[in-house]
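Enquirer: The lines below spell out each chain.
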Amino acid sequence: MNKLRTSVLALVGFMLIHAGATLPAQDLDKIFFRPQTTIGGYGELHYNSSKPENGRNSATLDFHRFVLFFSHAWSEEFAFKSELEIEHNLIAGGKSSGEVELEQAYVDYHPNSYWGIQAGVLLPSVGIINEFHEPPLFFGVERPDYHKVIIPTTWFGNGAAIYGNIVQLDYRVVVMEGLDGTGFSAKEGIRGGRLKGYKADATHPVINLSLSKRNWLGMNLGGSVTMTQASDTLNGTSAVNQTLVSEFHLQFTQSNFHATAEMGQIQYDRPDLVGGVSAARGIYVDLGYDLAPLLGLSGAVIPWVRYSDINTAAKTDGTIPNLDQQHRYALWRVGLQVKPLPDVVYKLDFGKKMPETGADVSQLNLGVGYMF
Amino acid sequence: MIRYYFFGFRFLAIVGCLFLAIPQVLNAGVREEAEGVIRDFFPDAKSIEFQALALQNDARTVAEQTAGQAFLLDKLYYWEIRSGESILGYAVLDNVKGKAHPITYLVLFSSELKVQRVRVIRYREQIGGAIQEPRWLEQFRGRDRHSGFDPGRHIDGISGATISVNAISRGVQRITVYLSQLANNTVAADME
Chain A
11 MNKLRTSVLA LVGFMLIHAG ATLPAQDLDK IFFRPQTTIG GYGELHYNSS KPENGRNSAT
71 LDFHRFVLFF SHAWSEEFAF KSELEIEHNL IAGGKSSGEV ELEQAYVDYH PNSYWGIQAG
131 VLLPSVGIIN EFHEPPLFFG VERPDYHKVI IPTTWFGNGA AIYGNIVQLD YRVVVMEGLD
191 GTGFSAKEGI RGGRLKGYKA DATHPVINLS LSKRNWLGMN LGGSVTMTQA SDTLNGTSAV
251 NQTLVSEFHL QFTQSNFHAT AEMGQIQYDR PDLVGGVSAA RGIYVDLGYD LAPLLGLSGA
311 VIPWVRYSDI NTAAKTDGTI PNLDQQHRYA LWRVGLQVKP LPDVVYKLDF GKKMPETGAD
371 VSQLNLGVGY MF
Chain B
76 MIRYYFFGFR FLAIVGCLFL AIPQVLNAGV REEAEGVIRD FFPDAKSIEF QALALQNDAR
136 TVAEQTAGQA FLLDKLYYWE IRSGESILGY AVLDNVKGKA HPITYLVLFS SELKVQRVRV
196 IRYREQIGGA IQEPRWLEQF RGRDRHSGFD PGRHIDGISG ATISVNAISR GVQRITVYLS
256 QLANNTVAAD ME
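Just so you know, the sequences run in chain order A and B. Once you know that position 367 of the first sequence is 377 in the numbering used here, the rest is easy, because the numbers rise by one and skip nothing. Once you know that position 100 of the second sequence is 175 in the numbering used here, the rest is easy, because the numbers rise by one and skip nothing.
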């Protein structure tokens with residue numbers, strides 16, 4: 011204790027010697043914030059192997075995503091943020107090629123924590139993964155099936171948003187380009203209707219309202235509703251399909267235990283425009299436990315398990331018999347997530363997709379992902 | 076179904092104008108805010124003396140290696156809090172890198188260089204703001220250079236705020252080790 015006191019007194023003496031370096035108070039704000047451009051990114055390589063009970067096996071190696079973030083802050087209030095993505099390595103044109111996507115590019119005005127406004131290419135706040143989709147942030151090599159057919163992740167488009175934090179609740183209101191109703195399907199919900207910012211329809215915008223509470227008893231709770239009148243054509247006449255996506259999500263991280271649960275549904279008021287489907291529903295639950303502390307390792311070693319139950323034709327208008335059974339499947343998946351660093355992840359998972367009608371499919375995935 | 080066409084772009088424009096009309100909360104400078112936190116924690120302080128000190132290379136290397144995080148600023152922005160002759164504690168204002176913006180935070184130390192309080196002075200990101208909550212920051216209290224600071228193991232994580240949690244945890248460790256190292260180096264130099 012005496013030694014410590016001596017040390018501290020010596021520290022004080024040492025600092026007094028250097029007191030010549032004192033700065034005027036008003037300069038501190040300029041030191042702690044300087045206009046700057048930042049670069050970030052993420053990417054992921056996947057090995058996907060699929061073995062149907064009947065039929066041919068398949069295996070692919072795919073550098074699924076290569077993404078660069080470019081941001082610039084002009085001041086504490088005004089910033090630009092962007093996310094530019096190459097999917098599947100090669101862009102050669104045509105349907106079988108990869109894609110270049112500008113998933114985010116917006117000017118952000120954020121005067122204080124209560125509110126801010128964004129305009130440009132945005133991601134609506136729908137579920138956990140749509141806005142925060144870097145590979146180290148979710149379990150599994152591929153994003154959960156729920157985030158393909160119930161929530162069409164990554165869902166992005168041109169628009170504007172108001173957001174902020176009031177009474178420790180995060181809120182966000184997004185108004186963005188509409189959806190193309192002709193792309194809706196019984197198999198993949200509204201996924202095919204995304205316009206991805208390409209000369210997008212502004213006559214029938216998408217409205218997305220979300221609320222979330224972060225770090226409440228170790229939990230992140232949130233929900234959203236997203237509405238639109240998707241334009242469509244039927245028998246040569248124009249029609250609109252009122253579409254509502256509602257979802258609730260929960261994430262829990264405490265004492266090496268990780269849990270995620272999401273549930274959501276899509277409702278259409280014109281099932282005749284979606285092959286007889288009036289609602290799609292899905293749910294998944296992830297449970298994981300970080301073994302690294304027990305094993306005396308640094309980083310994270312997380313075995314996890316996922317159960318999904320998805321039906322993209324949960325409610326139908328009855329015109330097609332057994333449509334709801336044809337589009338229902340359950341999915342079990344177990345995996346291992348190894349993170350030597352918080353931003354680098356190695357992934358392995360094995361799953362079994364069990365359609366209510368038809369043969370089971372086994373899947374094995376390996377992956378590596380990073381973010382910075 | 077909610078009749079959504081009551082909303083639309085017009086709705087957003089109206090709400091935006093309302094927000095703009097609300098007088099903005101005027102932010103005090105970072106120094107004023109930091110000194111407010113210091114006075115609140117050390118009500119008996121007779122003097123708080125601010126200095127900007129050049130970083131010492133040896134101590135800097137040890138601190139950066141231990142915490143696994145580099146200093147963003149090239150000086151130590153430091154207060155010494157006194158009540159007459161006796162030292163009550165120290166405070167350091169520092170930046171860490173958030174997702175796109177720096178996070179400015181203040182660490183208060185006892186005279187024995189144990190962390191007493193951590194406060195986020197400026198959080199500039201859209202998300203991950205839960206690290207500002209005093210309840211979460213309370214877990215740094217009592218930690219010193221020998222303590223663990225690993226997020227997920229020694230420091231509770233926050234879902235949806237991974238980058239900020241990691242940045243602040245490493246930052247507090249880096250500042251704690253740096254100050255302790257500075258004290259040790261000075262003692263060693265005096266003994267020679």
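Just so you know, the hints here were simulated from the structure itself, not pulled from any lab data. Fair warning: this is a prediction, and the values are worked out from it, not measured in the lab. Keep in mind that the hints are not guaranteed to be accurate.
To be verified - Straight line, CA to CA, 27 Å or less: simulated DSS-like cross-link-like pairs of lysine-lysine: (1) B:Lys189 to B:Lys172; (2) A:Lys40 to A:Lys197; (3) B:Lys189 to A:Lys362; (4) B:Lys172 to A:Lys349; (5) A:Lys158 to A:Lys61; (6) A:Lys325 to A:Lys349; (7) A:Lys363 to A:Lys40; (8) B:Lys150 to A:Lys223; (9) B:Lys189 to B:Lys150; (10) B:Lys150 to B:Lys172; (11) A:Lys197 to A:Lys209; (12) B:Lys172 to A:Lys40.
Enquirer: Is the Cα-Cα distance between lysine 325 of chain A and lysine 349 of chain A 27 Å or less?
Expert: Status violated; Cα separation ~41 Å.
Enquirer: Under the criterion that the straight-line Cα-Cα distance not exceed 27 Å, is the pair lysine 197 of chain A, lysine 209 of chain A satisfied?
Expert: Holds, at roughly 26 Å.
Enquirer: Taking 27 Å as the top limit, are the C-alpha atoms of lysine 189 of chain B and lysine 362 of chain A close enough?
Expert: violated (52 Å)
Enquirer: Has the given pair, lysine 363 of chain A with lysine 40 of chain A, been kept, meaning a C-alpha gap of at most 27 Å?
Expert: violated (56 Å)
Enquirer: Between lysine 189 of chain B and lysine 172 of chain B, does the CA-CA distance stay at or below 27 Å?
Expert: holds (24 Å)
Enquirer: Would the hint linking lysine 189 of chain B and lysine 150 of chain B be met if the CA-CA limit is 27 Å?
Expert: Within the cut-off at roughly 21 Å; holds.
Enquirer: Quickly compare the C-alpha distance for lysine 40 of chain A and lysine 197 of chain A to 27 Å and report which way the hint goes.
Expert: violated (54 Å)
Enquirer: Given the hinted pair lysine 158 of chain A and lysine 61 of chain A, is their alpha-carbon gap at most 27 Å?
Expert: It holds: about 20 Å lies between the C-alpha atoms, which stays within 27 Å.
Enquirer: Is the straight-line distance between the alpha-carbon of lysine 150 of chain B and that of lysine 172 of chain B 27 Å or less?
Expert: The hint holds at about 16 Å.
Enquirer: Under the criterion that the straight-line Cα-Cα distance not exceed 27 Å, is the pair lysine 172 of chain B, lysine 349 of chain A satisfied?
Expert: OK: lysine 172 of chain B and lysine 349 of chain A at ~20 Å, within 27 Å.
Enquirer: Lysine 150 of chain B and lysine 223 of chain A were given as a pair; does the straight-line alpha-carbon distance stay at or below 27 Å?
Expert: violated (37 Å)
Enquirer: Holds or violated: lysine 172 of chain B with lysine 40 of chain A, Cα cutoff 27 Å?
Expert: Since the Cα atoms of lysine 172 of chain B and lysine 40 of chain A sit roughly 16 Å apart, the hinted pair holds (cutoff 27 Å).
When the structure is compared with the earlier hints, violations turn up for hints 2, 3, 6, 7, 8 and for no others.
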